[in-house]
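There are 4 protein chains.
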Amino acid sequence: MTVHQFQPERYYNTIGAHQPVLTLNSGDAVVTSTVDARGWGADGESAAERGNPMTGPFYVEGAMPGDTLEVIFESITSNREWGWTSNRLAPNVVDPEFAAQLPPSDIVRWTVDVRQGIAFPEQRAGKLANLQLPLRPFFGCFGVAPAKGQSISTATSGEYGGNMDYRGFTAGVRIYFPVFTEGALFHLGDGHALQGDGEIAGTGVEISMDVRFRVQLIKGKTIGWPRGQTDTHVFCVGNARPLDQALQHATTEMLALLREDYGLTVTEASLLLGQAVQYEVANVFNPAYSVVCKLPKSVIEML
Amino acid sequence: MTVHQFQPERYYNTIGAHQPVLTLNSGDAVVTSTVDARGWGADGESAAERGNPMTGPFYVEGAMPGDTLEVIFESITSNREWGWTSNRLAPNVVDPEFAAQLPPSDIVRWTVDVRQGIAFPEQRAGKLANLQLPLRPFFGCFGVAPAKGQSISTATSGEYGGNMDYRGFTAGVRIYFPVFTEGALFHLGDGHALQGDGEIAGTGVEISMDVRFRVQLIKGKTIGWPRGQTDTHVFCVGNARPLDQALQHATTEMLALLREDYGLTVTEASLLLGQAVQYEVANVFNPAYSVVCKLPKSVIEML
Amino acid sequence: MTVHQFQPERYYNTIGAHQPVLTLNSGDAVVTSTVDARGWGADGESAAERGNPMTGPFYVEGAMPGDTLEVIFESITSNREWGWTSNRLAPNVVDPEFAAQLPPSDIVRWTVDVRQGIAFPEQRAGKLANLQLPLRPFFGCFGVAPAKGQSISTATSGEYGGNMDYRGFTAGVRIYFPVFTEGALFHLGDGHALQGDGEIAGTGVEISMDVRFRVQLIKGKTIGWPRGQTDTHVFCVGNARPLDQALQHATTEMLALLREDYGLTVTEASLLLGQAVQYEVANVFNPAYSVVCKLPKSVIEML
Amino acid sequence: MTVHQFQPERYYNTIGAHQPVLTLNSGDAVVTSTVDARGWGADGESAAERGNPMTGPFYVEGAMPGDTLEVIFESITSNREWGWTSNRLAPNVVDPEFAAQLPPSDIVRWTVDVRQGIAFPEQRAGKLANLQLPLRPFFGCFGVAPAKGQSISTATSGEYGGNMDYRGFTAGVRIYFPVFTEGALFHLGDGHALQGDGEIAGTGVEISMDVRFRVQLIKGKTIGWPRGQTDTHVFCVGNARPLDQALQHATTEMLALLREDYGLTVTEASLLLGQAVQYEVANVFNPAYSVVCKLPKSVIEML
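Residue numbers (the numbering used here), protein chains in the order written: chain W, 12 to 314; chain G, 12 to 314; chain Y, 12 to 314; chain L, 12 to 314.
Worth flagging that the hints you see were computed from the coordinates, not collected in a lab. Computed from a prediction, not measured in an experiment: that's the story for all the values here.
Straight-line alpha carbon distances no greater than 25 Å define the calculated PhoX-like cross-link-like pairs of lysine-lysine that follow:
#1 K308/W x K138/G
#2 K159/L x K159/W
#3 K308/G x K138/W
#4 K308/L x K138/Y
Isolated chain W (complex conformation) (with noise of 0.2 Å):
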């Protein structure tokens, strides 16, 4: 169990089949660092390429397709003083109608106080004077190289995980990918100080991160797609548009976890769901909009 400390020189706006960085065994932690979703780093100078700059690959030792990635985040910490924003809601969050009376879009910056675990827009005027908002710091986008040796872009998500934007994957929860290609290549990067449900602005408060996470294969055991697990919940992610579609996604993993871990028979497995489960809408703003699917491990103790 090594923990390597890893200082990144170039960063991928794909997630795909790249040279690693570094390899990694079952067990080992990493100690490394993210730029922000437009490639500023913790000096707020430009340093990758703006569309969710990727730090890795990692290649995970003895990694092969049918395995499950384990990742933890052990600790994500802002490396600098201040994020940004959207100021203007996603046009495709509200009604069309009111789309069209939208006021055009600027970024603005929030100061992120660490210290003090805060954060607020820096102009403090207006309405908004006041406000601060909780620090609850994320990855946006993170996950390993997906099947046939294709490379997505970091804006987009899908089965192995990519851009999903959800603000529940903090420090601490345990997060599962299904290894599509030899090494998994995990891949991280779009650190968000918090965010609301849905990533309805289009951007969280956007900002460089300091991150220790380790890494833990599971041989022969297959997933479908992204799940995890935190101290109250196991969830299954799925990723999609319409949201219906990423709905299905999850709840169809759920019910999968529920007869290979569990098992459940489907009869069992909907009775449990339709009167137990939990949505959140992770994003709904990128080309692939994600819905987590939750039970409480109260319920599944029960079983």
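Here the structure of chain W is known, so what remains is to put chains G, Y and L in place on it, guided by the hints.
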């Protein structure tokens, strides 16, 4: 402020401009009961035609189009010891390829233990033998008569409310409806002892209810979609297909709320919602799906 | 077989169980007129409230739920020399980012020259100065009273017909509706002198009409959605949002047609439809979109 | 203007920045062949991995990002006497409740008689015993390398083309692609002997092809999505889910075409499209659906 005791004698399977059963003044409360989604009452006998039969409508003195009607469910209590659910997920919430493999669906009885506050499938076998879920009683379908003299099936929903199947509509929540007709004409029914998000099996634990609710007329305040507040949140509901459009309606209504009630500009509301909004998938089964757009009161208090 | 002359005096903005204006026997024809979508009649004066006011309803002797009503428009003729359209695409038919740049919308008058069979914007300027489009008159909104005693706004559509805005509903086409109510209760209105696919500006060339139609009752034949036939095709209509669901309804109804009327198995129907089906996007503007699923009669004749 | 004979040796299951197999000058033609969607060639033997293996890519001298590549299929001819289709409609094109009743799906062989120009299921039995459908050969999947160095599965499509499965892409049609990469890198494959609208069984009559195509480079012309023209129409293609969004892309691109190529204002384009536009549902099966927005040249000639 009168408390009316009302014993329903007939039920409607549409929400519309039906003959009112009672006239209320603003502030009045009503103690009454509802049958379940199939028309079965407290004694388990059929009292109405299946398809969400409604108690009411109640005429609110002075309510005119352009006003808002506030409804508070002061208590919602199952008045029998069993409910029922479907035992199969709705085919539209799973991947279509998987839908083609779903088993046939049937109705299953659940024990509803009001004293202990729990429910579970009557047949205690298999992996669910030890399952028991906490009661969280609410009404699936209620609202006011829609615009233009329409009478609309209680299967669906719209600006007027209707079959929203939102598990958050529990006792204590304040709910606001746009008034479209003289007297508002409030209907209610379709009690659920509990339900997961989305009503993904097509039912909650369907049950007959005793209810006490109060109405409050807000003259001259005009809203576009149902709104509400709990102790911790304000929220807006959008009803439409697909989920994307339901979310658009709910988000656009929340923008209207922030502009009208709190004086925010579109830009301020965008900055706020982008980083603080929350969503719930209320139902993803009915002809119109329902999405709830929420803001914590703790955030609103900073405005 | 009587030909009734009927001069409408009042109009309904919902389709529902209204008092019939005339009783027809199967085989009877009616000669009547309709006002336009805003209620303007042949003389250009307002005769009804805006929002697709309907002529009718007509009661068909002997029609009972479970029957099918055939309607043939024998002639449809604009009864004035001008119509109107919106001058802006509906925001929901363009990319949301582009919707945010759309100009404000307005109503524009078109000259409708029935003798020459053409129409064009009245203001002959700019790039459209020489535009003239062939007339193709049809009714945007018509149908029978919906199930359960509902009265539904003429803005939308469903199994009962309604505001389908399908440019294929021209004179000579035979159209079939499921009967939900005693007497069927046929309504019609919302004439268009012509229109593109999808009604993407939110209007056709809206105009008042003279019409002659005939009804034929088909006892004991039950269908699920509107169907029709032209000289060259049979077709089924699905009405819902999004387009995907409208297409699902239309396709499922076509499967039913092939199974019931021609005895095909699901597999045979799949082989056939997969390689021979045709679709039209009837409307992508109204609360329910409409998709038409078609098969050439030349193909059906091989069965 | 050279005519290149090219015999493919390897095939790609992604569209991307692969090593070019041949360099073409603008105006050059290529005579080559493609295997079918499962990789079966003219001799019926497996020559490539299943999943729309591509012939190419072809490098076009001088093509740079921001240019447009015109492709004309001069001839498309099945090079064997049989094809295959699925025998079951895709579960996503029927009502979800009906999907749950679909039979299992299988592959069925079709006789393809190039001389007579017809095709029919090999097994001549049941209601389809006399069916024969006219050949209308086209390519389901072709396009240029996508932006950002992506390599994307030939299952799907985007701005770069890909698996659009549009039955209108027959010989003689001129098709235009935005160039995203130096050399454009044109790929093609997935021949269909014929197909209905929407590819609703998930396949056309899948077959290997002989093809002759020509490329023409249009320097400095930038488009957003694939466009094309036939003898009678100009058209634009949008690829996305759901159909609504594919239609939005296609319509927005048609607006761009009318503004840039014909100088119309948004208002003029709206007046025109609203009353003259036509749509086709190209595919409603792949991960991205495809919708075609068309205008008759007879209308364009009036501008």
